[in-house]
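Participant: Sequence order for the protein chains is C and F.
Residue numbering for the first sequence follows my numbering, starting at 68 and increasing by one per position.
Residue numbering for the second sequence follows my numbering, starting at 15 and increasing by one per position.
The hints are simulated quantities; they were obtained by calculation from the structure and are not laboratory data.
Where hints are given, some of them may not hold.
Claimed, not checked - Below 27 Å or equal to it, Euclidean Cα-Cα: the simulated BS3-like pairs (lysine-lysine) are:
hint	chain 1	residue 1	chain 2	residue 2
1	F	Lys58	C	Lys109
2	F	Lys76	C	Lys170
3	F	Lys58	C	Lys170
Listed below, chain by chain, are the residues.
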Amino acid sequence: QQQVKQSPQSLIVQKGGIPIINCAYENTAFDYFPWYQQFPGKGPALLIAIRPDVSEKKEGRFTISFNKSAKQFSLHIMDSQPGDSATYFCARNSGNTPLVFGKGTRLSVIA
Amino acid sequence: NAGVMQNPRHLVRRRGQEARLRCSPMKGHSHVYWYRQLPEEGLKFMVYLQKENIIDESGMPKERFSAEFPKEGPSILRIQQVVRGDSAAYFCASSPTGVGAINEQFFGPGTRLTVL
Numbered sequence: 068q069q070q071v072k073q074s075p076q077s078l079i080v081q082k083g084g085i086p087i088i089n090c091a092y093e094n095t096a097f098d099y100f101p102w103y104q105q106f107p108g109k110g111p112a113l114l115i116a117i118r119p120d121v122s123e124k125k126e127g128r129f130t131i132s133f134n135k136s137a138k139q140f141s142l143h144i145m146d147s148q149p150g151d152s153a154t155y156f157c158a159r160n161s162g163n164t165p166l167v168f169g170k171g172t173r174l175s176v177i178a
Numbered sequence: 015n016a017g018v019m020q021n022p023r024h025l026v027r028r029r030g031q032e033a034r035l036r037c038s039p040m041k042g043h044s045h046v047y048w049y050r051q052l053p054e055e056g057l058k059f060m061v062y063l064q065k066e067n068i069i070d071e072s073g074m075p076k077e078r079f080s081a082e083f084p085k086e087g088p089s090i091l092r093i094q095q096v097v098r099g100d101s102a103a104y105f106c107a108s109s110p111t112g113v114g115a116i117n118e119q120f121f122g123p124g125t126r127l128t129v130l
């Protein structure tokens, strides 16, 4: 299976800071790049997703930036809050095929 | 509109017993996916099913694991003769029918299996 490399593994930011999580993929034959948020003891929840025909997508405080030439995409969280503390997973897939996930980034936002 | 339902939420089995995990997809979804998550790790794909068909089982261990999605009723992930290494959280996801490039998967709350 094609891999998605996610970094950093963990991240600590102050409240109000802008954590950035990065993911890199191996080829361009994919149509959909979602991000999932997971709180302890819960299932992953779809947060925001992007297709490679756009370079940026914003939903509230969450922004995905997509760099097709570098085969990278990243998640930015504006004005981060303690309630954003969770594990974030990037993923990729094409059509009705299985999602391949990055290994996750554990974010802690401290007050 | 209820989300993806999984039961039981917690399951404890002794080594050698069988574990049955159930997943009811969201209404109108006919694609079901099972993932396994080990502590402090990401989600590993196991199997992808549509009604009465296994589409992709490339992530499923060759022995002791099986999955089904019957015409009626929930999808079942079955683990026979469980071993301690099977202890993990098992998540089910579903996506709507139809064609297209977007595969928006919605996850259930998971079943946490503990093997003693």
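Participant: For each hint, tell me whether it holds in the structure or not.
Facilitator: Comparing the hints with the structure gives:
no.	hint	in the structure
1	F:Lys58 <-> C:Lys109	holds (16 Å)
2	F:Lys76 <-> C:Lys170	holds (24 Å)
3	F:Lys58 <-> C:Lys170	holds (9 Å)
Checked against the numbered hints above, the structure breaks none of them.
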